[in-house]
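Peer 1: Sequence:
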Amino acid sequence: ARPVMQQLLLDIEKRTWAGVLVMEVERLARGDTIDQGIVTQTFKYSETVIVTPVKTYDPNNEFDEEYFEFGLFMSRQEYKTINRRLQRGRIASVQEGKFIGSHPPYGYQKKKIEHDKGFTLQPDTEQAKVVKMIFDWYTIGET
Numbered sequence: 001a002r003p004v005m006q007q008l009l010l011d012i013e014k015r016t017w018a019g020v021l022v023m024e025v026e027r028l029a030r031g032d033t034i035d036q037g038i039v040t041q042t043f044k045y046s047e048t049v050i051v052t053p054v055k056t057y058d059p060n061n062e063f064d065e066e067y068f069e070f071g072l073f074m075s076r077q078e079y080k081t082i083n084r085r086l087q088r089g090r091i092a093s094v095q096e097g098k099f100i101g102s103h104p105p106y107g108y109q110k111k112k113i114e115h116d117k118g119f120t121l122q123p124d125t126e127q128a129k130v131v132k133m134i135f136d137w138y139t140i141g142e143t
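Numbering (the working numbering), first residue to last: 1 to 143.
What the hints contain is simulated information worked out from the structure, not anything from laboratory work. Among the hints, a few may not be true.
[Unchecked claim] Dumping the calculated BS3-like pairs for lysine-lysine here, alpha-carbon to alpha-carbon at most 27 Å:
| no. | residue 1 | residue 2 |
| --- | --- | --- |
| 1 | K80 | K111 |
| 2 | K117 | K80 |
| 3 | K98 | K80 |
| 4 | K110 | K129 |
| 5 | K44 | K80 |
| 6 | K117 | K132 |
| 7 | K55 | K44 |
| 8 | K112 | K80 |
| 9 | K98 | K117 |
| 10 | K110 | K80 |
| 11 | K112 | K132 |
| 12 | K132 | K111 |
| 13 | K14 | K80 |
[Claimed, not checked] Listed next, with one range per pair, are the computed distances between beta-carbon atoms:
| no. | residue 1 | residue 2 | range |
| --- | --- | --- | --- |
| 14 | E65 | G101 | 40 to 46 Å |
| 15 | K111 | T139 | 54 to 60 Å |
| 16 | D136 | E24 | 57 to 63 Å |
| 17 | Q77 | G101 | 28 to 34 Å |
For every residue, glycine included, the Cβ atom is placed at its ideal position computed from N, Cα and C.
With the hints as extra help, turn the sequences into a complete structure.
Peer 2: Structure below.
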C-alpha cells in the first residue's frame with residue numbers, strides 16, 4: 001500500500017542496506033499483523049538492523065526481536081484507536097446534518113455553518129435546473 005515502504009522492503013531483501021534509520025519502529029509497519037510479520041521477517045532474514053535515536057534493534061537477537069514486535073503491536077493498537085475515533089467523529093458530524101465530503105455532489109454547494117464548525121449543503125440554483133431536467137427525462141422514460 002505504501003510504495004516507498006514496499007521499495008524499502010525490496011532493497012532490504014537484496015541486502016542493499018546494513019541498517020535502516022527510523023525515528024520510531026512503529027513507523028515501519030502500520031498495516032495488519034500480516035504486514036507487521038512481513039516487515040519483521042524481511043529485517044530478520046536479511047540481518048538488517050533498525051536504528052532509532054533510542055536503540056538499535058538487531059532482529060536476530062531474541063530480546064530485540066520481541067521488543068520490536070511489541071512496538072509494532074502497540075502501533076497497530078494505536079492506529080485502530082485513532083481510526084475508531086475518526087469514524088465516530090465522522091458519524092457524529094453526519095448525524096448533526098453536516099457534510100463531511102470534500103466535494104459536494106452535482107447540484108449542491110458547500111456552505112459554511114455559521115457560528116459552528118463544519119459545512120452543510122445547499123442547492124446550486126444553476127445546477128439544480130440540470131438535475132431537475134435529468135430527473136424529468138428519467139420519469140417520462142427518455143434517455
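Peer 1: Within 27 Å, alpha carbon to alpha carbon, are K80 and K111?
Peer 2: violated, 32 Å
Peer 1: Has the given pair, K112 with K132, been kept, meaning a C-alpha gap of at most 27 Å?
Peer 2: holds, 25 Å
Peer 1: Look at the Cβ atoms of Q77 and G101 and judge whether their distance stays inside 28 to 34 Å.
Peer 2: The hinted range 28 to 34 Å holds for Q77 and G101, with Cβ atoms some 29 Å apart.
Peer 1: Is the hinted pair K117 and K80 satisfied, with a Cα-Cα distance of at most 27 Å?
Peer 2: holds, 25 Å
Peer 1: Hey, K55 versus K44, does the alpha-carbon distance stay inside 27 Å?
Peer 2: holds, 17 Å
Peer 1: Please work out if K117 and K132 have their alpha carbons no farther apart than 27 Å.
Peer 2: violated, 31 Å
Peer 1: Quick one, are K98 and K117 close enough, alpha carbons at most 27 Å?
Peer 2: holds, 9 Å
Peer 1: Below or equal to 27 Å on CA atoms is what counts here, so check K98 against K80.
Peer 2: With Cα atoms ~24 Å apart, K98 and K80 stay inside 27 Å; holds.
Peer 1: Taking 27 Å as the top limit, are the C-alpha atoms of K110 and K80 close enough?
Peer 2: Given pair K110, K80 is violated - Cα atoms ~30 Å apart, limit 27 Å.
Peer 1: Between the beta carbons of E65 and G101, is the distance compatible with 40 to 46 Å?
Peer 2: holds, 44 Å
Peer 1: So the hint says 57 to 63 Å: do the beta-carbon atoms of D136 and E24 match that?
Peer 2: holds, 58 Å
Peer 1: Are the Cα atoms of K44 and K80 separated by 27 Å or less?
Peer 2: holds, 26 Å
Checked against the numbered hints above, the structure violates hints 1, 6, 8, 10, 13 and 15; every other hint is satisfied.
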